[in-house]
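> With the sequences and hints as input, model every part of the structure.
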Amino acid sequence: MVIISEDLIKQFQNSMESIDEPLQNTFENVHQGCPNEALVRFLKARDGNIPKAHKMLVDSLEWRIQNEIDDILSKPINPADFYRGVRDSQLIGMSGYTKEGRPVFAVGVGLSTYDKASIHYYVQSHIQINEYRDRIIAPAATKKFERHISTCIKILDMTGLKISQLSQLKFLTVISSIDDLNYPEKTDAYYIVNAPYIFSACWKVVRPLLQERTRKKVQVLSGCGKDELLKIMDYDSLPHFCKNESSGSGSSRTGTSDDNCFSLDHGFHQELYNYINHQAEALESRVMVSHKSFHVAFPEPDPDDEKIAQTIESEFQKLSDQNEAADKLDGLATNKDEKKK
Numbered sequence: 001m002v003i004i005s006e007d008l009i010k011q012f013q014n015s016m017e018s019i020d021e022p023l024q025n026t027f028e029n030v031h032q033g034c035p036n037e038a039l040v041r042f043l044k045a046r047d048g049n050i051p052k053a054h055k056m057l058v059d060s061l062e063w064r065i066q067n068e069i070d071d072i073l074s075k076p077i078n079p080a081d082f083y084r085g086v087r088d089s090q091l092i093g094m095s096g097y098t099k100e101g102r103p104v105f106a107v108g109v110g111l112s113t114y115d116k117a118s119i120h121y122y123v124q125s126h127i128q129i130n131e132y133r134d135r136i137i138a139p140a141a142t143k144k145f146e147r148h149i150s151t152c153i154k155i156l157d158m159t160g161l162k163i164s165q166l167s168q169l170k171f172l173t174v175i176s177s178i179d180d181l182n183y184p185e186k187t188d189a190y191y192i193v194n195a196p197y198i199f200s201a202c203w204k205v206v207r208p209l210l211q212e213r214t215r216k217k218v219q220v221l222s223g224c225g226k227d228e229l230l231k232i233m234d235y236d237s238l239p240h241f242c243k244n245e246s247s248g249s250g251s252s253r254t255g256t257s258d259d260n261c262f263s264l265d266h267g268f269h270q271e272l273y274n275y276i277n278h279q280a281e282a283l284e285s286r287v288m289v290s291h292k293s294f295h296v297a298f299p300e301p302d303p304d305d306e307k308i309a310q311t312i313e314s315e316f317q318k319l320s321d322q323n324e325a326a327d328k329l330d331g332l333a334t335n336k337d338e339k340k341k
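Anchor point for the sequence shown: position 190 equals 190 in UniProt numbering, and the numbering is continuous, going up by one each time.
Any given hint might turn out to be false.
[To be verified] Here are the simulated EDC-like pairs of lysine to aspartate or glutamate, each with C-alpha atoms no more than 20 Å apart in a straight line: (1) 44 with 188; (2) 55 with 28; (3) 154 with 227; (4) 144 with 227; (5) 186 with 134.
[Stated by the list, open to error] Derived CB-CB ranges, DEER-like: (6) 144 with 274: 16 to 26 Å; (7) 100 with 210: 21 to 31 Å; (8) 186 with 11: 18 to 28 Å; (9) 116 with 31: 33 to 43 Å; (10) 143 with 234: 30 to 40 Å; (11) 100 with 213: 11 to 21 Å; (12) 62 with 201: 21 to 31 Å; (13) 265 with 139: 17 to 27 Å; (14) 118 with 11: 19 to 29 Å; (15) 32 with 271: 11 to 21 Å; (16) 234 with 79: 17 to 27 Å; (17) 47 with 116: 37 to 47 Å.
Simulated from the structure, these hints should not be mistaken for laboratory data. Just so you know, even glycine gets a beta-carbon here, dropped at the ideal spot from N, CA and C.
Next comes the structure, spelled out in structure tokens:
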């Protein structure tokens, strides 16, 4: 793993001094008063290569300008019932903080369906959560915990993961590319919980394809992961699906609105929803149209991400073929038993 030295940061700073004023302005929304921290993240993402890190950051800043990302927190998804459908089918939320003050984000990988809206709404929602995390949550956590906080951890719930979810790979690749190219090194650790056999089978093949710095961040925990997670956070900050060892299929959708961090009624989502609507009203830019999505240009997927997606697709297909073969054998055995009777 490359060591980001002060000299590397200084050289990167010098290379950024020549960028245009619009790029400088949007860079302020990226670094939130800590430009060196942002430079370090992009340097890490390009293994300390300054020209590559410079291009990556400038490309990201241009993407922000072209897609009005600086204003995305004033672009509500309306009406409320439609937005509730987005939340019910794109399971993500914030459940609390680690003991060190990093925000804890939960993602319901296995039970997300992405079937209540077009991909543009889901991408808009995802970016809004990223921006709210970086512009509102992290600065507030920095003040609360009296230490600089700019990253989070993510807990990925694999409950309900099925072979049929192969169709979601395109969407997940888009989201992954947006995060990799524009929000690099924002997640310190990924904790996988409630992993079924299908995940374990794919993980063995996908793990070697990940970059070393990503591979080191991923931990697959036993069961719901409660005991391990309690070492880094208090019980109240655990996502609802980690609070009970019996969290079986469907548990990610259950629980009270106060406890289920995926629900629109949860405190985090209520604060986010109200903030976006208030920003829209303040800028007099609210458009009360039932289905008006905020279209963001999708980046070209990283070749590594494409390779991983293709590998997952291949492994899913193998598992599907194996299941079909097993079903046929079961059918033959059943027929033989019936004939004997």
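> Indicate, hint by hint, whether the structure satisfies it.
Now for the hints, and whether the structure bears them out:
Taking the CA atoms of residue 44 and residue 188, the gap is about 13 Å. The hint holds against a cut of 20 Å. The straight-line distance between the Cα atoms of residue 55 and residue 28 is roughly 17 Å, inside the 20 Å bound, and the hint therefore holds. With a C-alpha separation of about 16 Å, the suggested pairing of residue 154 with residue 227 holds against the 20 Å cut-off. Distance hint between residue 144 and residue 227 is unfulfilled; the C-alpha atoms sit about 26 Å from each other, more than 20 Å.
This hinted pair checks out: residue 186 and residue 134 have alpha carbons roughly 9 Å apart, not beyond 20 Å. The hint said 16 to 26 Å for the Cβ distance between residue 144 and residue 274, and at roughly 20 Å that hint holds. Our hint of 21 to 31 Å for residue 100 and residue 210 holds, since their Cβ atoms are close to 25 Å apart. Range check, residue 186 to residue 11: about 23 Å between beta-carbon atoms, so the 18 to 28 Å window is met.
For the pair residue 116 and residue 31, the beta carbons lie near 35 Å from each other, so the given range of 33 to 43 Å is met. At roughly 19 Å, the beta carbons of residue 143 and residue 234 sit outside the given window of 30 to 40 Å. Distance hint check for residue 100 and residue 213: the Cβ-Cβ separation is about 20 Å, which falls inside the suggested range of 11 to 21 Å. Residue 62 and residue 201 have their C-beta atoms about 40 Å apart, which leaves the hinted 21 to 31 Å range violated.
With their beta carbons about 25 Å apart, residue 265 and residue 139 fall inside the hinted range of 17 to 27 Å. Separated by about 43 Å at the C-beta atoms, residue 118 and residue 11 break the suggested range of 19 to 29 Å. A C-beta distance of roughly 18 Å is found between residue 32 and residue 271, which places it inside the suggested range of 11 to 21 Å. The beta-carbon spacing between residue 234 and residue 79, approximately 36 Å, falls outside the hinted interval of 17 to 27 Å.
A hinted range of 37 to 47 Å holds for the C-beta pair residue 47 and residue 116, which are about 39 Å apart.
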